[in-house]
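S.K.: Take these sequences, add in the hints, and give me the full structure.
Top line first, the protein sequences correspond to chains W and S.
Going by numbering that gives the first Met the number 0, the first sequence opens with residue 0, and the numbers climb by one from there.
Going by numbering that gives the first Met the number 0, the second sequence opens with residue 0, and the numbers climb by one from there.
Keep in mind the hints are simulated off the structure, nothing from the lab.
What you were told as hints is all true, and nothing was included just to trick you.
Here are the computed lysine-lysine pairs in the BS3-like style, where the Cα-Cα straight-line distance is at most 25 angstroms:
#: 1; chain 1: S; residue 1: Lys86; chain 2: W; residue 2: Lys162
#: 2; chain 1: S; residue 1: Lys86; chain 2: W; residue 2: Lys117
#: 3; chain 1: S; residue 1: Lys46; chain 2: W; residue 2: Lys191
#: 4; chain 1: W; residue 1: Lys135; chain 2: S; residue 2: Lys86
#: 5; chain 1: S; residue 1: Lys16; chain 2: S; residue 2: Lys100
#: 6; chain 1: S; residue 1: Lys83; chain 2: W; residue 2: Lys162
#: 7; chain 1: S; residue 1: Lys83; chain 2: W; residue 2: Lys117
#: 8; chain 1: W; residue 1: Lys117; chain 2: S; residue 2: Lys4
#: 9; chain 1: S; residue 1: Lys83; chain 2: W; residue 2: Lys121
#: 10; chain 1: W; residue 1: Lys117; chain 2: S; residue 2: Lys74
#: 11; chain 1: W; residue 1: Lys174; chain 2: S; residue 2: Lys88
#: 12; chain 1: W; residue 1: Lys174; chain 2: S; residue 2: Lys46
Which bits of chain W does chain S cover? Going by a derived footprint, with three or more residues having C-beta under 8 angstroms, they are:
#: 13; region: 30-40
#: 14; region: 55-65
#: 15; region: 102-110
For glycine and all other residues, C-beta sits at the position ideal for the given N, C-alpha and C.
Here is what each chain is made of, one letter per residue.
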Amino acid sequence: MADYEWLKPIREMVGREYGRIIAWDEVNPAMVRQWCEVMGVENPLYTDAEYAHQSEFGELVAPPSMLQSWCEAGFYRDSYAPGSTEDNPYTVLKLIEAEGYPSVVAVNSELTFERYVKMGEKLYYTTRFDAISEEKVTALGTGFFVTLIMSYFSINDSGEDDKVGELLFRVFKFKPANPVARPEKTESGLPKIKRPKPGISDDTRFFWEGCEQGELRIQHCKACDKLQHPPAPVCMYCHSFELDYQLASGKGQLYSFVVMHYPEVPPFDHPNPIGLIELEEGVRLSAQLIDVDKDQLQIGMALEVRFETFDDEMTLPLFAPVSAAAESLT
Amino acid sequence: MTSMKTINFNDTNPGDKLPELEIPVTVALITGGAIATRDYFPGHHDKDAAQELGSPHVFMNILTTNALVQRFVEKWAGPQARFKDLKIKLGVPNYPGDTMKLMGEVTDKDEVSQTVTVALAGKNSMGTHVSGTVSLTLPV
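M.R.: Pasting the structure below:
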């Protein structure tokens, strides 16, 4: 297959060497032990100093397959230890990507070990852009196999750095054959905190259904003609089960109140004033107070109901001071 | 525990099978393994990020796969075996909830260097996650 024009400069880069990427940490027993713990590696050579002392090393060594970990960037990606090269050894992948090959998958990882590394050794690696294939068509898609060779060294005081191992790393940089449909991104990954819902029973349902219709329904005893709130299965005065409801005007006065300062529970605003409202029909009910500053709350102040719908699914009776404007309308 | 006993070079023969090892793939192993190898690529610890990349869940990083291959071979070979190389080819991803079964057998022996080569494969419910070879020197 004839090469693309844009590939020529990339092919000319084959063989290019990239500078040192230095380990953040010396080879150390804490990172080794934690690695062994997670991976389930139980070889005492890496964690049992007494055992390791009897080995040909005379001391603890790091697990060989941990070699690459020492020189990883870490939490801040592409941030390498001081003294590391500014050059990006993966430049070639970015150049290919710019030509319309967005995906990448690792294909081969081939580690070879010259020797095991001991605690206290400081490692670095250099990278060589080893090869790029012809354009290949695979089940994944169409693209190029790119091979990098990383050589790992231990920094030696004498200046003669000592090669400890090598990694051949091959990736396939490609245009996907079947692009994956990405799930739609939500505006924010965080769940919306909703207002808590009341528990609704057969005895109380009429009250909440009334709210949805903008009616303040108060339970009424057909036997003794008294009103009661909150709704109950039986009349609290005469114990009759013969109950229905009457519509309250929604007007009343502040009988008592409390202001919630703490804890601040979403989705409520804080401070959050809660009133005990005595309706003009004579019963009291508790509700959130709105459109009023907590410092202006006064026992006896005139209030009226406001039905507000929350989360498109629940309507609650809240109470606000009767405004001069509203009063003038009545 | 890894057996403290190391297998003797003279007791190995091409065709010898390694004991199989089943490794439950969990979110904890994938994320813990990524962090233990200092690999903070989001697809290894952040499910949302992984899904945006088209994966159903976080997926195991290569360095954890390397470690599990080492564990599998070392568990059989013992603490005096010395790794000369560990060469793998990567296949289908390891996702949480799956199990990877590692299988291997001795394929080659070099008398001069006392080196054996083990060919291995790690398979999960979707297919082969890893295949490759490990060369080890063993005591005589």
